[in-house]
Each structure stands twice: as structure tokens, then as C-alpha cells.
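**Student:** If you read the sequences in order, they're chains A and B.
The letter at position 305 of the first sequence is residue 304 when you use numbering that gives the first Met the number 0, and the numbering goes up by one with no holes.
The letter at position 732 of the second sequence is residue 731 when you use numbering that gives the first Met the number 0, and the numbering goes up by one with no holes.
Hints listed in this document are in silico derivations from the structure and should not be mistaken for laboratory results.
Just so it is clear, the structure is predicted and the values come from calculations on it, not from any experiment.
One thing to keep in mind: the hints can contain errors.
Going by beta-carbon spacing under 10 Å, a handful of chain A positions derived as facing chain B [said to hold, decoys possible]:
| hint | residue |
| --- | --- |
| 1 | G84 |
| 2 | F391 |
| 3 | E496 |
| 4 | L601 |
Per the computed footprint, the stretches of chain B lying under chain A, defined by three or more beta-carbons under 8 Å from a beta-carbon of chain A, are [as the list claims (entries may be wrong)]:
| hint | segment |
| --- | --- |
| 5 | 50-57 |
| 6 | 325-336 |
| 7 | 437-444 |
| 8 | 524-536 |
| 9 | 559-570 |
| 10 | 648-656 |
Beta carbons: idealized from backbone N, C-alpha and C, even for Gly.
What follows is the residue order along each chain.
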Amino acid sequence: MKEIPTYMKDSYKKHLKTEVVSVDSDDNTVSVVLEDTVFYPEGGGQPCDQGVITSKNFKLKVTGVKLENGEVVHKGTAEGEIGPGDEVVCEIDWNRRYKNMKIHTGGHILDEAMSRLGFVPEVMEPAKASHGKNAYVVYTKPEKKLPNDLHKKLEQKITEITENSEEIGTEFVKKEEIPQKTRWAPPNLPSSKPLRIVSIGDELGIPDGGTLLKNTSELREVTIDEIETIEDGMVKISYSVSLEEEKVEKKPKTGSTEKFSEVETVRDDFKSDLESNPSYSDLKPKYLGKNGLVKSLLRKIGDQSPDKRADFGRQVNLLNNEVEKELMKLKKRQTRARRGETLSEDSFDVTAPFAPNTSEEDRPELISRPGTLHPITSIGEEALRIFESMGFHVTESRRLDSDYNVFEALNLPIGHPARDMWDTFWTEDDLIPITHTSAMQNRILKNQDTPIREVVFGRCFRHEATDASHEHSFFQIEGLYVDKGITLGDLIGTLSEFMNTFYGKEIKYRIQPSFFPFVEPGLEFMVECLVCGQKGCSFCGRSGWIELVPCGPVHRNVLKYGGLDPDEYSGFAWGLGLDRLVMLRDQIEDIRHLQAGDLRFLEQFS
Amino acid sequence: MKISLNWIKEYTKIKLTPDELVERVSVSLTEAEGIEKFGERYKGIVVAEVVEVKDHHEADNLILLKLDTGEQEVQSVVQNCNVKKGWKVAYIKPGFDVPGFALAGKESKVKKTKIKGAESNGFVPSGRELGLNYDHSTVYKVADDAKIGQPLSEVLDLTDNILEVENKALTHRPDTFSIIGMARELSAIQGAPLEIPEWLENPKEFMPKPKSEDVQINIKNEAEVLCPRYMAVVIDNVKVGPSPRWMQVRLSKMGLRPVNNVVDISNYLMLLTGQPSHAFDFDRVVKKDTNASESRANITIRTANPGEKITVIDGETKTMDDEVLVIADSENALGVAGVMGGKDTEIQDDTTRVIYQVENIEMYNNRKTSMKLGISSDAVTRFSKGQDPNLCEPVMYKAIEMFKEIAGGEVVSEVYDQYPDPGKDSTVTINTDEAREWIGQEISDKEIQDILGRLQLGIRFDSKSKSLTVNVPTWRSDLNIKEDIYEEIVRIYGYDRIRPTLPTRRIHPVKQDKERVLRNKIKSILMSAGGNEIYGYAFVGRELYENCGLEVKDLHKLKNPLSPEVAYMRSLIYPSLLERLPHNLNLHEEIACFEIDLVNPAKKGEIDPKKLPDEPKHLGLVHTSGYYDLKKYVEIITDALNISEVEVFSYGQTSRADLPDWIQRSLGGFHPGRLALIKIKEVIVGMMGQVDPVVAEKLGLPEKVATCELNLDFLIDFELESRYQKVSKYPAVIQDFTFITDKDVPYLAIENAIRIADSKSGLIMEIECRDIYVESDDAEEKKTSFRIQFQSDERTLEEKEIESLRENIVKSVEKQVDGRLDAD
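Next comes chain B alone, as it looks inside the complex:
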């Protein structure tokens, strides 16, 4: 939001330097982005007089101006227009910018040049090229009494500091969207006197008598909740034309473009007070309304009929529903109330009679309408914050006055005012002791009263009870509760003066969250094993899932995704990991990447609005060197968590129907023959396997890449299992075995057969696989070699004991997997 400080100065002093002002506004009101020196845009522009107007011999659409710039006489080429000898015009010297072009971000330096053969020295701009109005039909004419050679910025009050503030944090402060509101704030912040004009405080006393009441408006407000106040008047004899230069300049400084005097009056008053208003062309309103006459218009404030259409001023046609508030005649909508007027009844050059309306609009519906119809406007910016209904009257008065002064208009109707439930001041009572306690700072009663006074809030203070009652005017509707008053005190007092303290608290031990402990443990295990942690988006796209052989149809889908790649909530981590792997492949010979995150599993049927869906925590892991390398990483996790009951079995051995739903939905990316399921304590907690070759090809990955997905929620209780084992003081005995089995017997089955043999004695300390050997691809048998360590923590093992154990193992392997000891 841009604020002209020259304009502010009509109501309060600016005591601070620009830098100080930016700083103080930032810490007491909202972030100030800086100060623009508006006059800088107009450097090198002076008043010149047209001495002669000549034709350009080469081009009909151009003319030559001979100018007296005060320093010299120069020739400049301009578009053919109505410029006359003797006009005072703006003249941009060579080497300076054309402000309108510079604002549009275009190359704008004026050069001494030749245009179609004629010398052009300097530039004579139009109003649009100066960035001061819309007019491009002729050169910008300056007042006749301007001195030749005088800088334009002096003639037009262009030397101004424009304060730019962030208005996002002012959502609750509708009053600050105006010069008056900002003047109040700056007065309070600086402790400078404030002069609010009388007409704003007591408009009734100023309201003029209408010249006549020949014309009537039949107003029907059918939506008083959405439009709590409606004022309107008919003004006749309006001469539409450009508004005065001073007004154009003020609008331009605040970032608004002058249009014509009628529209500009409305915009000017909105900038000054925060109250939007709108002018309809009376004759265009009554022409279309079959129930209206030359002297009687109908205005109905109602909600739109579903499907009702309106073309608004910016040219777009909108279809409305029955929540949209419209200003209508007896039949059709004339405008979207508080949002934008209609095209059909817009002020035009031939307009003479105007219905001028000043209304108050309910904020929630205003915002909703703006979003629904996709129209934003300066009116919406203000109404959607909740404007003060008591502003309507002074604005109506001031507008009537300005219509007369600027456009020659006369009031020819009653000044209508429908305001069934007038807003009144309210009060909030605080206790200054409580305020000090809440703030945590000794601010004296006097200082508190002084601050609230500076903010134009009336107060009653009882020094005995410390009770302070604040009178809240209607323009400060944001002050409702005690804390609102505390905020007023402290922001003007200065947050920087608050002494930082720490809460006094009873000592208490902080319990660690188990999930976080588990997650950090797994992360640190993987990191110490060379793993790289990655964070991917929680959003995924259909393409990625389909490339991974997975379906998106039951995933939580966003209604408003930013793009198709981020349109669904991910149910698995591994697709994201695979997706990000290709561009890292060249960095290292082997890479292990992982991520731990919440996931949002596919939905099963309808979502129960009362019960939010589960969000299990998953680990995803990829390894570029292949399945067995990946498996080692999964093992170090289960080892470190001391999970003994891990069972790994091949996907080929299971029936798909026996798998948990989430596992069934997750298998798409895996090679079906090289996929293992991981079971812990009878629950399948995840899977690991080599990536499906088709998936690998689609994603640009080497075929051997392997990946894994684990649901960590099932692991949460395991890290607590005791892991200490007594160190035996008796020697260990090491024995080697090689078993021959059918090639298809899983390794784990053989290892389990060995363990079963020892289940009673418990003497096997460690089983290590030394080798797995097959003679050739079509061999039917394989040899698996083990090194087994026997040890007792009670005694030294005897040879006989070991021999018997050895026999048991051989027998068990024979029985369980039909294997035999290799004789070699």
C-alpha cells in the first residue's frame, strides 16, 4: 500500500526522518517496505512553451513543435494532436526518463534523435507517458501560469515521499487502508498532534440542502445483513471530463490511475477515508428498467438469482449464485455490490445525471464473492476487512461538495440513508495491574493513559481499582477483548523496551517421544553405514507412480495441485527415492539413499470426516549395488534394534491375498522373482527387492537397483528389548560344514534347520555363511558352507558334546531340507 506523506501532512506532522519513519512504522504497526522519492521520476522535466506548431513533411501523423524551454529554443517531434501555439507543456530533456515508460519497465531514456528526417530534441509527453493520467490524445498541458523552465515537480507537487507498507498484517485494521487512518497511526507513533477535519467527525452539520427533490430513488434493501447501510443521491448537470491536475497527481502517487472526474472523486474519497463508493449513470439505469421513469429510479439491494449474469466494468461477464449481493434496478443487476459496478450503467463522456451511492458491505460475503467471481478491486480490498458504516455519511457529504466544485453537479434528490441498525461505540475494560502482569513490564498508569489517548481512544480510569475503560469508536472494530488493548499499549510503548524473561517453572523431566527416538536411531545407523538421507516431496504425480507400476486411484488427491507431478499425497517413500536417484548415479560407484517420513496410505472406501486417516511412518531405502547389498542395510537396522524374530521370505512363496492391503498395493515397482517380504513377530512390516526391469528402464536406472519400504510403526517397541549377553570365559569351538541341497532350497531354510538342531542346548553362538556354490546354471544342487561357533558360558565344551551336536545338525538339515553333508 502506498501512502503520500504530503497528503498525510494535511492532518498530522511528520517529525521523523524517512529512515526513522520506516523503522518506527515497522515496529509499531506493520512492515514498512521503504520510502519512494516520487519526484525522482520527474527529474529533467520542465515547463516549456509552444512557440510554433509545424507540419512534418514526411509523415501526416507527426507534427513539429518549436519550444521555449527557458534555456534554449528546441524542436521536438510529437504525434499529431490539438496542441496550440502558446500552450505550456511538460518537456523532458534528452538524457532523462519518460516516467510512463519507466513504470512499465521499458527503455525510456530520451535521446536527441531524428524522426523521419526531422530533428527531435527532447520529448513532449502525453499524460499517459507522464504516468499521471490515461490521456494519450494530446500532449500534457500545464497550467497557464506555470513559469517557463520551472521543474514540473514544483508545478504539480510531485516532490513527495511515498511510504510503502505491507498490508497483509493489517487484515484486522480496515481503518488503516486510508490517509486518515494512517495519519492517526503516524500521529500516535510520533506523538504528533492530529487534526481530523470537522466534516468527518460531524457530517450532519455540513450536509447541504438539495437544490431540488424533483428526482426520486425508490430504494428497497432486501439484504440488510449483507448491506447494513445504503446511502444514495441523484446529482444532475454533471460535466464528465478530466479531473483537476492536483487530484490526478494525488491518485497517481497512491498508485491509482485517473479516469474521469466522477470516477476520480469516488477513488479520491476512498483513498482519503477507506470508504468505497460508486456512481451509476442515472439515465442508463432508468432506460432499461420498465418500472422506472425519467424522474424515478429503482434500486434494489438483493442477492442474485442463481445463474443471473452481469458484465462488470472490466468487461468480463460473470454468472452469479444466490449468495452474491447485487445492486439492482427493479429487474436486473446493475453491479456486484461492494465489488465492481456494471458495464451497462458505467459513467461515460455523455453522462449528465448520476446516482451516487455510498454503502456498507458485510466483509465475509464480500470476500467470498470476490473469490467466487474472480474479481479483485480496491473496493474489495477495503470492504473485505470490514469498513465502519459510520463513514458513509461524511463521504456522501464530501462527494456532493466535490461534485459541485469539480463537475458542476447539483443534488436533485433527497439524500437517502437506509441505516436500520446504526453502529455505536463500544467499551473494553481492563485493569492496568493485569495489563502490566500480562506484558511483563512496569508501564506506568500515566503512560498507559497517554498511549491510549494518542490513539484517539477515549478513557475512563479509576486509579483506586486500576480499572480502565476504553471507549472504542466504530472505526476500531478490531478492539474487542482485553488483549487487544494490551497490544495497543505495548506496540506504541515499543516491543524493544520489553525486558525478556523466562517463564518460571517447576523442574520436570522431559519425556522423549518414542517415534522420534526410533527414527533418529535408524537414521544414524544408516548414516554411519554410508547412507545419504534425502527429503522428497510428500506430493507425487501419476506419472511417477505409473512408471513404478503403482496405481494412484485410491491415493489422497489434491483438488488444487500446483502441477500434475505434485497432485497426490504419497503412500510410499520408495518411488520418490527412485525418482531422485538417476541424477546422482554418476557421483559414486555405489549409493544408498533413504528417507523416513509419514505417508498417507491409499484410502479404503469413504473417508470418515470425524476420524482422520492413519499416517504410518515409513522408511524407504534404495541401493544401487543390488539386492544383497540392500538386504545388509535392512539387517543392520534390525540388528541394532535387537529384533530377533525377523523372517525374510520370498514373494513367490506367498499368496498375494495373504498380504496386508498396503503391501499388495506397493509391489508394482519390484521384480516379482527377486522380492522378499519381511515379517517381524508374525506381522509383515515391509518388503525389499530388486526393481522391476521395466520400471528401471522407465526411470533411467541400472537394472540391479534394489529398494525397500518398511512400516516403522511396527518396530516402535523393539528398541527396548534387552541386548546384553554375558561374555563367556570359556573357549569357543569353531566348526565348518558344507551342505548339499536342492538348488531351490532357500538359504534361510538351511540356516533354520541348523538352529533347530541346537534349540535345546543353545550352544550355537554364531552362524556365518562362508560360501554358496553351484556347479553351473542348470545344476540341480547347490553347496552351502557354514562356519559355526559353539560356546557355553558354564563350561568348556567337550569333544563328545560337539560331536553329538554336529550329528544333530546334519540330521536336522537332512530332515528339514533334504540336505546332506558334503563329503569332500
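Next up, chain A with everything else stripped away, as it sits in the complex:
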């Protein structure tokens, strides 16, 4: 079972291919546990998903999904046979899911509104909730009296949140992070699993495992149906959400587009006021104050003739919303600007060597304990200096490069299946964070005179999940030697001499065939495992050998692309994995240490 099932990571995923972990059946009900699932199990007040689980010979109509002993159990009626390890496709009833998601999200927006109004968790805390047919959130007994117009305030706040199109974000955190990352969390959260927190907009979130919309604007309306005090003084807020599919722009009915000059005048005034660089504290009373222009209009709705009343009311309300929104923006802008001003006033003399009145012993001094270089730097430099002593010129590689340099010029035309060997990142402009330092080969071949003896170091990137021996970012030292009469023996000799010098002793090596289209043949230069002395350990995968340097004679097409005649020149190239070199030398067990920025690790390399 996956630590985090898919339904928690992506509420919009409707189907998934996975494997059966176990099957159980009694009477008419079949229960299936899957390796991963998109089915949300009943819980957190939210009803479960329904749908089907199918394979070639099997179909389960899922009617109930439960969390039992930490496993998601899918129950229902089945046709056909299924067993552990079988591949299945699970697919949820999306309409039901989307409806549940909307109701559930409505509850979160309600709670968010309560929080932004300052009631939660200051005055009361969430106690329980239901996001099914009758949706509600129950809060603990408030510590002070709730305002009489809570209903209205709450609805206004909710409208603000939905109209603001705020993002609903989820994040997985460890239990220890909960206090900093949430505004409130229930006690007794499990610590064994990563916990998910849900947040709306820029605010702190709360722990939650349910399915949610991505953006508050997807909910057209959240209505507060009732606020009532129930047993033990707890407060129950019932709500409902609009379940219509599309968010429809509220437009005045056709035929009633008549504008009211009174309303338009206020609107024009407001617009010109906004342009004249106003202050929030002046503008707010002018328009929204008790006798403000907008509020006065609101009071006039009742005075209109019955046939115009509805239109007038709608237009005034529209204006009211507009003004509120603009003023809110203005307030935010001005708070920010004021903060900037305060900070500028809170300045000091940046040209001085120390602050005024600093006693002599408190003046800046360099840190006295020894500093450290990163092992990629120190060990990398050692390697580079050896290559320099062997006659190679050293430079650093580019980072973002073109498809031409990364693949095409290396004998990997577009569509070549071997491109799959490099899990490649792409930027939106179709540049590639280089997958290998070989991306520099074409430039070197074109720009330099033979004999070419060039070493290039740099960061490389592969789109792969990280674990103890894989990183999406790693370091390579590329070598390229091109001249007349270069032999395969020269490649082996060069790398072998390098290893002997680097490790300060004779290193056993072995050449294994491999395949990289820019060399022919593609080879893997392997060295003896220095961790276990070739007895077999986890570092070498129990083989006694470490794949350290993919290499080979430069392919004639690569020479041609570089403007050299392959019948006249030959050469070899390699791409030494610097991380591995470092790890092997210092017996570092986990590649992730290298870029984690943890001084407890780095300070060991002084």
C-alpha cells in the first residue's frame, strides 16, 4: 500500500491503473485492497466514492469504501476472478465525487471565513463536521458571545473568498511541522504517516485528508442555512453549496439594461477618486460609511417604483460589491507601502564598518572556527587537477542548452528510442537543463583546434525520483580527446591512470558493454568496489564493481557534426559521475546528503 494514496494527492484523478494487494469475500460482498487508489474512503465527515474496479476478467462495482487498519478497502459486488498481484483499473463515479468535493470544500471555506473573522481558533474550535447530504460544521462552545449578525458577516466573508478566486493548496508535512504550518490541529494526530494540510489562499491551513476543489471560485455559492446552539453550548453551522455545473456570470436580465444615473454618478465619482491617489481612510467613510454615497443608494432601493426596484437594487448591489473590492485592494496596497516606509525609516548606515556605539569586543570579526568546502568542490578540484596534469583544459558546462547540443549533435535525432535513457526536464521555452555534460561536445569540436583535450564539469539533471542512490541533480566531469591515431587502448589507459592517481593506488577496473549513441562502442568503465573490497555490499549492489564512467570512442557522426573528418580523426569521450566518485571515496551512503545543505554533514569535509 502506498504511503500516500493517489486520491489524497490529486482530487481530480478519476482513474488509475494499479495492482491488487488482497481480496476477501464473504456472502455477496467482495473486498479488495489495492496498491494505490483513487477511491476516497468514508471519513472526515465526507461520504466515500463509488465506482468500478476492472481488469480483463473482473469487475467490481464499488458501493462502499472504508479505511480498515490503515488500508483502503473497496467493497461491492463482483463478477469474475481476481487475485493478488493482478493489474486493475479503478475508476470513480466522477459526478458523485465532484459533488462531494464541492460540499466538502464548502465546509472548508466556511471554516476559513470563521477564521478570517477572528472566531476560529481564538473563540472556538472545530469539533465535528459532516459534508454529506446535511452539511454542517460544529464548533466548541464559544469563549465569548458571538455577534448577532454572524450569519451575515459569515456569508459576506464567504462570498469574498469565493469571488477572490483563492487557491486551495495541499501540502504533506511531518507531525512536528504541524504547529508552524497550521492555524489549528486536532489532538492525537498519527505520527507514522505524512499528514496533509489544506490551506486557502495565503493563510495557514488545517490538517485534512478529504478531496477538495483547486480553487474557491469553482464554488458558485455557499449558503449558511442555520446557526444554532446545540448541546453543551456548542454551535452548529449548517450550510449548503450550489451544485450547478458552470459558474454563470450574473447578468442583468435582458431588456432591463437601463442605467440609473444616480448609480452611475457615484460609480464615476468613485473611479476618479481612485485615480487621484486617495487614502483608504478617507475613501472608506465617503462611500461605505453610514451616510456614505453607496450606503445612501442602498437605502433608496425601497423608494423606487416597483417596476424599477429590482433592477435598481441589483445595480446598487453590484456597485457596492465593486467598491468594497477596490477598497480592500487599496487597503492592502497601502498597508504594504506603509510597511515599506516604516522599514525605510528603520534604516542604518550601510557604509559603516559597524553600528554606532558598538563596543570594541562586539565589533564584526571573521569566524574563528575553520570553514569547509563542499566535497563536490574539493574532491572535484582534485580530479580536475589530475586531468589538467594529463594535459586537459578544464572549463565549466552550460546549464540550459538546446535540443541540438543535448541530443541531436550527439547522434540522437528527434524520436530516437535511446532518448528514453535520459529522463529529461524541459523548460517552457524548450530548453533542457542538461542531462549530461556531453552537451558541450559539439561546441568544443567546432571551436577548438585539434588535438582536442578538453574536460568540462557541471551540474546535470534527470527527471527521476530521488532515493539513496538517485538524485535529480548531480555532477559530471566530461572528457573529450580527439586527435589522429587515438586508440581504444588510449581510452582505457587514460581512465585507468586517472583512477590510480586519484585513489593513490592501483585500481582494478573492468569494461562492460553499454549503449550510448554518441560513442561507438558504448562502454561502462567500472572500478573495484573500495567499500567492501569486492566482497559485495549494498554500495556496489553486491557485484563488487561500481559503474563509474560511461565512455567510449567518439561516434563518427558526432565528429562529422563537429566538422571533423572521422576517417582522419578519432577520439574518445567519457562522463565521470562526480557524486559517485565522492561517495565511493568517503563511503557516503546516501547521495541526497550532498545537496541537503546540512552542516553536520558538510563540516566533516574540512
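Based on the hints, put chain B in the right spot on chain A.
**Tutor:** Frame of chain A; chain B shown alone:
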């Protein structure tokens, strides 16, 4: 990839021990991961006879079997099924594993136990529980002539060594994705004889006459580039059912699950030869096609119509575009060619007529289709490497034969073969002297010929000119150039036998790269001052940038990030440093961390595809003790690089619009009142300052943390400036000054006023700030004390001279910053 060595042995000998084999395959072909002893899975499983079948009194869905295991009579509880008295079944003794469960990684030890009150001693598995087929409807029945008590592995040829090889390095070797191909390799590697079956070499001679040609297929190939060869035949009277045990066992050993005899024949031949094939249900094909009849099917090979949909065998519905190759009837797609068949025309239990197709598919488009539709299959694994079109015919022959033997099928149509441009053998000519020169090893002509012969490559050798022409069969399409032949020679000869040499070269001095020299110099300065070098990811996330008050909108964004935290290329180093600081805070009282790396600045407008964007080198530095400590580190760098024209000025004094674009975009993380810009030779090269308090709070940092970002590309030329100054033999004179100025006068302005006073005489050797004092927070004035060292390298300074200089300094300070000498 799994390879059954028992199967290989039908074509060549295995002379090496398992360990030797793993070693030799690794150094001559591809990494061999090891050998699995397949029979180990079936330890403790023997043949037993069902003596009696009884009801279970407590549960309808269970029954009791009384078994004769050869050793004793036992009772075992199984699911209710059609098992009969007298059946020979597989019996797993208590204490041994259920192979199907063990494969799924589940607890699988059989125990002596009670099931709903009935004693169950040992386990009688289904085919699925044995991991030998899909069937779970009944217990696994063994052939009637099997002996009671005989180990199952003997009855079913389960004692086998399975060689596992890494196929990543075989991307260019489509032939090795098969038993025949691996047999060829193992024969060459071991120097063992090879027996390729006749039908594979000369299929034409074997092809049977159809029983009738009553049924027709109207084949139209509209995409010959993507499908260079298409063969098909109609087979009638097919009885769909389980395939024979021996075939199921072979498929299981190679990691494929038996389905039914029709599908299994296709899979079996694919494993044997590398050539995928597919069977459609004829009647289901013609039923839906309005232009077809009971005796005439239409097959069109074409690219899909944009938006055309198909539901493939694994149940998923895919939407295709006009690059996807499909096998269609006259109207609708029946399958994605070379990828996966369609659900509608899949073989089912009631299928009797089959269209069996063997086709060749172009590799690039096959791979692209697989990726586009998100379907991987064993067929894609093979077609995407580029299979030999000449394999279609032998596979067609062998399939027809097997359909008859195993499923009772008879050919009732012509054997169609559309192959407009037949593939032919090619040649590559090398010169053995050149080969030796290229390899760097004396390998004799005889040995070269011997090696190529072992690889089944025909050769013609002219011993005078040393010209050797290699005949390359169609199944070795990877051999195109001389170097390909050199590789064949050397990998079989043995890389371990190549004598390592070093290239002979003219002596030449290696120029040092200036950027690297500069970077290493700065790193070593910072390290010797207690700095810790950190490497952060070159990727950053929106959250980090926004926490630092920075925008991500113009950064280079990844289309396919691994997660939101690593979705953009970083344009600055300091956010990464700040991000990693919190969990190091408790380690030391003060910490200075730094990193030097290329960065990818925010884009300005469109990216020109012909001109790659600049990647300046930046230094990022953080210090936990505050701005003035950080500033000292920046000074030791400029000092060490001997950069004299450094100007530091407050951000408050500048107009934002005057700042370079990258600086403007970088300021978000800084406290605006405590931020300094650094100018060298009139260019703003970076900034340093205290972190914005809001940023510090968001990142969990103490407020006083200070950070700096410098573009090192502007510093590249400075380390070359001469730094020697003659040591004067005349004494130095030291004088102290304290100036009172307005509190807001920057320190540097006062220091500059002092320097200006000396610009003509050049006698000031050093200015040291001794103290800065303000009476109280609301005081309007401050006192700044200096200790100044005067010295000449030509003479001893006279008192008068110093006095005049002193006066000049006081005047200059008065003039420049309206300051006065403190009388006290």
C-alpha cells in the same frame, strides 16, 4: 529481461558455470544481473492423487480433499471446484511456500491448520497460486501419467536457470530480445556450436498449403513507411482453451502470464524470435464492418483520424491523432498497430475464426505512439528497437503449425504477405590493419575472422590488402559503420585483454580557465574565514521565492517538474541559502554559508531559439550575525582580489529605476532600510543587506540574518591587478581624529572626505575607524573616530607636513560633509 537457459539449450550448449556465464555476458554483451534458480520456487511441491472429495460441513464454498502424497494420506481444505477423485494434483507440503503468493510478496508459508473446524494439512493450489497460469477456478491438474510423490519441478521442467540481463544497453540490438538472439550471442561468447532451426532460415519451404481459400481478407496498406510488411491469414475451427502445460511453464519462466492458447502462441513466438504478432476474432471483426461479409474481412493499415478513439485490450480508451498507426477494418480502428490490440475484437472463449497477423512496424513512430498514448507492451519493447522484417514469414509459418497442433485451427485463406520493399543483407568493409590500430591491440587476422564467424556474420577476406568485407544479415541492422564491426571484434575478444596505453602527445601547457581560478580563489578566502560552502539545487519553487518577496513569473519554468519545490531554474543563490539555514541554526553561535553557481536570470521577453540565454555566475552569502559581519566577508573578497574601486551605497539613496534589471528583481528579500548596493568601476555588481523581517519570519530565521548576492562575471578581470606595494623604510606617523557630523552622514562619505584631502600628497597609508558614537537615539549628531597612518616611501615626514595634512583633512571634512573636529 529473463532468459530460460533450458530453452536456450535447444539451440546451443551452455558450457560455462552460472557464475562464469554472468561474468562473460556482462563483459561481452550487457550487464547480467544474475541467475535465478527457477526450481527453488517449487521446493516442497509434489504430485498427489485425490483419493476422496468430501463436503465441508461448516461452509458451502469449501470442500475437503483426501490425498495420497506418496508418503502418507492427508486431508486438505480447498475452495469448492470441479476436482474429481483420481485427479493428479500439485500438493504443497506444510512449511513450504505458495509460489504465486511469494511472487506477490505476501506471507506464503503453508501451515498445518484448521479451516472452519476442518483439519487442513498442506495446500492444493490453483494454477494462479502456483504462478503458472491465470486459472483460479479449480486446483492445478497435473498430467495423469505423473508419479505420485514425484517433485512437481521434475514433471513440469521447472528446474531451470533463468538468466536476467539489463536490456537498457541493448537498445540497438533488437535481435537480442529473443531466445534465438540470445542463443546466437551465447554461442559466440562461449565458442559453442549453434543450431538455428531450418524453418527460421528458410520458411518458404515449410509454408503449408491452405486447407481452403474460402475466406478472404482485403488488405489495404496506406502507410507503408510505418508498416513496411504486413502478413495475415484466417484460421478456422480454433478451439480456445488453456495452452499446454509445457508452454505455460515456458511463458511463466520468462515472466509472461499464460492467457489462452491463441494469445499464448503469439507470445511464445515473440519470446522465441523477437517478432510480435496479434490475433483478432474474425467474426467480431466482420460483424461491425458494414463492408465486410461472413467470408470477407477488410484490413486497412492507416494512420488514425484526429480524435479517433479506441478501447485497447487493457480496458483503457485512448484518443489518437493522425500520427498514430492503426490496424482498421474498412471503417474503424481495430487496434493500435505494434502497440496493443483492441478490446472489441479480442480473442474470447467462444472465438472460432481468427485473423492472425504478423507485421513489421517502424521503430520511431512506434515509440512515439507508445509514449503519446501511455501504453507500454511487450510488442512496443521489441518494435521500438527496430525488428527485422524478414522475421515475419517464419513466425507466420510456425504459428500456423502451432494453431493446428495446439488449437485445432486450419488455414482457410491465402497467406497474405504485403512486402513491397524486402530488406536485404548489407555489407561493411573494414581493413584489419586499421582495426588493430583503432583498437590498439595486435589481434591476428585469423582471430578476427574467427570472432566474426562465431557471430554468424559472413566474411570475405583479402589477405593481401587486409580488406575484410562483412555480410550483415537483416537481423543485425545495428552494424552499419566500421566502428560497429570493431566493436564486435573487441567485445568477443575481451576488453580485459586490451593493453591500456596513454595517447602520445606533444607537450603543451594547459591554460587555466579564469572563471574557475576566480571561483576557487573566492571559495578558499571564504573557507579560511570560517565560511561553509553549500550546494543547493539549481531548481527552486514558487513558495520559496514568494516567501523571499520575489516573483517567479519570468523565471525559466520547467514543463515537467518533479514537484512544485523544484519547478523553476533559480535566478539567485541567496533564497536557497536562506532556505537551508534554519535547520543549521542550532549548530553554532554564528554561521556564514555561501555558494557559487551559474544562475538563470529571469527572461526578458521571448527567448531567441538561436541564442541561448546568458548564465552569469553568482556568489550568494549569508551570515547569521548580521549586516556588518556579512559586510566584512564581502570586503575580504574585494581586498583579496585587490579591487580598489569598490563603492558601497545605501539603497535608500538610489532611485530604483537606475538599478540594473536583475538587481531590481532581486531586492524582495532585503530590508529596504538596511540594504547596500555594491558598485565596482561604475557597475553595480550586487547587493548585501539585512533580510526583510517578514521574510525572516516566514523562513524561520532570526531577524538580524544578512545576505548578499554578487554577480562574479564583473569581477573576472580584477584578480590580475598588481598588488605589490613597496615597503617603506621610513617611519609611519599615527594620528587620531574624531569628527562630529550630522547623524545621517554616511560613514563612507566621511572617510572619502579624508581621502580627498590626501589625493595630491598620497601619504595616507591606512584609515581605521576606531569608534562611532551617538549620545542617544534622538541625537542629531554623531562622532566618528579615525586612526590614520601617514607614511612616505621617500623620506621621514616632518611635523610641519603632517600638521598641514591634518588641517587639510579637517577642512575637507568640513567642506564635504559639514563636519567638525571634536574639541574634546
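**Student:** All hints, please: hold or fail.
**Tutor:** Hints, verified against the model:
{"no.": "1", "hint": "G84", "verdict": "4 Å, holds"}
{"no.": "2", "hint": "F391", "verdict": "7 Å, holds"}
{"no.": "3", "hint": "E496", "verdict": "6 Å, holds"}
{"no.": "4", "hint": "L601", "verdict": "6 Å, holds"}
{"no.": "5", "hint": "50-57", "verdict": "violated (count 0)"}
{"no.": "6", "hint": "325-336", "verdict": "violated (count 0)"}
{"no.": "7", "hint": "437-444", "verdict": "holds (count 4)"}
{"no.": "8", "hint": "524-536", "verdict": "holds (count 12)"}
{"no.": "9", "hint": "559-570", "verdict": "holds (count 5)"}
{"no.": "10", "hint": "648-656", "verdict": "holds (count 4)"}
Checked against the numbered hints above, the structure violates hints 5 and 6; every other hint is satisfied.
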